[in-house]
Amino acid sequence: MKKEKDHFYRSQKFMRAFQYSIFMTVGITMLVAALNLGFFIVSLYVYVRGDVFSIGGGEVREALSITENGYMLADDMAQKLTDKEQWAILLDAEGRELWSYRKPVELPDSYSRADIARMTRWYLDGYPVWLRVWEDEIMVMGAGKGTVWKYPVEFPISWMEYMKQVGFYYVLINIVWIVLLAAFFTRRFMRNREQARIEWIAGISHDIRTPLSMVMGYADTLEQNGELSEEARQQAAVIRHQSIVMKELIADLNLTSQLEYSMQPLRMEKIRPAQAIRNVAAAFLNDDADGNLEIEVEIDAQAEQIMLRADEQLLQRAFRNLILNSIKHGGQSETVEIGIRMQEERRRFIKPLRNGDRFVICFEDNGAGYSEEVLRRLRDNKKSDANPNIRGLEIVKKIVLAHGGKVRFGNREEGGSFCEMRFFTVKD
Amino acid sequence: MDLYEHKILLVDDEPALRRMVGGFLTKAGFQNVVYAGTCLEAEAVCRREAPHLILLDVMLPDGDGFSLFDRLHRETAAPVIFLSARDEDESRLRGLGLGADDYITKPFLPEELILRVTAVLKRVYRIREEKQEDRVIDLGDCRINLGSGVVRRKYAAGNSTDGESGGNGGGQNDAAADDIEATLTAKEYAIIEKLAENRGRIVTIDALCDAVWREGNYGYENTLIVHIRRLREKLEEDPSHPKHLLTARGLGYKLV
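Chains L and H, in that order, give the protein sequences. To convert, note that position 135 of the first sequence is 135 in this note's numbering; the numbers rise steadily by one, no gaps. To convert, note that position 125 of the second sequence is 1125 in this note's numbering; the numbers rise steadily by one, no gaps.
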């Protein structure tokens, strides 16, 4: 069953889902990035405005002036340090204290080289400190215990070099991850949505069928009723006929929705397409009371043995639709001539990518041919304003695609239309 | 038992539809129609009335028709025709081989319903009544008796019985001394039987092969052609210009 479903993922439907998921990925990534950046900027702003950062040693040193009484700190800087509950010590090259401001009482007046070495990176007696060397003096800026978390960061250069090489792939892997994850969720989301839609359509068509049974049944009864006037019976005949049209519309609607979203697993079996073609052609000829229909079937000997994995009922439906279309648009001539060819297609130069050869089934007729508008619609798969009634042909297209085939509609040079369908055979 | 005396049980939850279908059946001549609206009711009615055929809606308020079908089949051998309002059921009915005798998709025309009901009843109850001896295929100047597998053909052109040949079907009394008699082989018999069942209609090569060699025997097309030629020699006045056993080119054959 898995395999059959894969056909679908090669189809346009999958492309749409794929585009959608890429769009989602880019969207989500940008959203996350924007949110992160926003948070960072906002927090930084709050931080800076709150003036939480410590005041630099250089700044304090510049605010110091030497007088005959020793060092003098400018008033505004003193105020600043007080406000931020910071303190400062100025040491000479030997580690002796030259000056200090708001120094915690438990700290000594002089420091050994070992003390200084230790505090450059870490803490001084539990106080976070920052050192700044100023000519031959050392300015030690400190803050309250437990206010700042310090951690020296270092990386081996070789690692940095290594990261330069692999970093690209690392980022790439991350992106792939994000894309896949988004695709997964998108598909799940889309599936659920499609499932709901299909069920809705199936439900509606189910609900319509029972009342329509009664419209159809009673219209038929009225039509047969000899007591009614001829006019009334004619009208009943119209109702009956139109209810049959509605029945077909509902069946088409249901089939289209299921093929479009390919939710209903096709009932795949190994079949002989040649047989299906004959079945359909014979049924049409048998029902053709006026003898206005000619169907010529040409299946060469190799093609006769070709097997295809297909839902036979659906495939026959496609063939029926093509013949119906030819009958409907018969053109000028009295008789509708339809030719059906089936041939094996050997490709000598290009090795087939999938195991199995290709074969082609071609339906041709002598009718009016497809209009430009119809061909464009069938090719582009886009809905246009001028909406030709090609529901039947669209179903053909969907059925062929659902079987992993390709379909081409066109007009023959000598007049009339053709429809070429290509499929892969099954290898035993 | 007469065809129209068979009792039919109609199970559908929609009263209006029950009324309508019941009306069709009555009008067509079936006088014994009983109804049920739910699974529960259907089982009770089935036990009480012992119907000969059951028309069963797939969707019922207290369960689905498929499981009801399983339960009913344990108690009765009556044939079942499903009434379905969904395409999905159609594929299920086709594929699962539930053992249902037929199915009809809503909406349907009365004649379709009556045709299927009649066909199923005939198939299930009357198959033994239709004796092989009575089955004669009349082709104008040639008569095939499916009971004995004998073909009897009027010799020479311009024989006098042409006019009445269509009218007195069933009799084998007018055998003249100059008639040509031939006996059909088993394979020829199978072919002619299949063609006669669909007289006037094209029967595909595939259907004929299926009838003669049963399922899964492909590649017998050429052998079929040989058998057809031999059949023509027995049936046709001029086998190379057949009048009765015609070829539908590329498709199959038909008997007219």
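These are calculated hints, taken from the structure and not from any lab test. Keep in mind that the hints are not guaranteed to be accurate.
[To be verified] Where chain H lies over chain L, by a calculated footprint (3+ residues, C-beta under 8 Å):
| no. | region |
| --- | --- |
| 1 | 105-115 |
| 2 | 268-279 |
[Claimed, not checked] Some chain H residues well away from chain L (every beta-carbon gap over 10 Å; in silico):
| no. | residue |
| --- | --- |
| 3 | Thr1105 |
| 4 | Thr1183 |
| 5 | Glu1193 |
| 6 | Asp1206 |
| 7 | Thr1223 |
Quick caveat: nothing in here was measured; it's all calculated off a predicted structure. Built from N, CA and C at the ideal position, the CB exists for glycine as well.
Quiz item: Holds or violated: is the Cβ of Thr1105 of chain H farther than 10 Å from all Cβ atoms of chain L?
Solution: Its Cβ does come within 10 Å of chain L, the nearest being 8 Å, so this is violated.
Quiz item: With a Cβ-Cβ cutoff of 8 Å, does the region 105-115 of chain L contain at least three residues near chain H?
Solution: violated (count 0)
Practice problem: Report holds if the minimum CB distance from Asp1206 of chain H to chain L is greater than 10 Å, and violated otherwise. | Solution: About 4 Å separates Asp1206 of chain H from the closest Cβ of chain L, which leaves it inside 10 Å; violated.
Exercise. Just double-check Glu1193 of chain H for me: nearest Cβ-Cβ distance to chain L has to come out over 10 Å.
Key: 18 Å, holds
Exercise. Check, residue by residue, whether the region 268-279 of chain L contains three or more positions whose beta-carbon lies closer than 8 Å to a beta-carbon of chain H, and give the verdict.
Key: holds (count 4)
Quiz item: Can we confirm that no CB of chain L comes within 10 Å of the CB of Thr1223 of chain H?
Solution: 14 Å, holds
Quiz item: Once the closest CB in chain L is found, is it more than 10 Å from Thr1183 of chain H?
Solution: Thr1183 of chain H clear of chain L: closest Cβ-Cβ about 30 Å, beyond 10 Å.
Comparing the model with each earlier hint shows violations of hints 1, 3 and 6; every other hint is respected.
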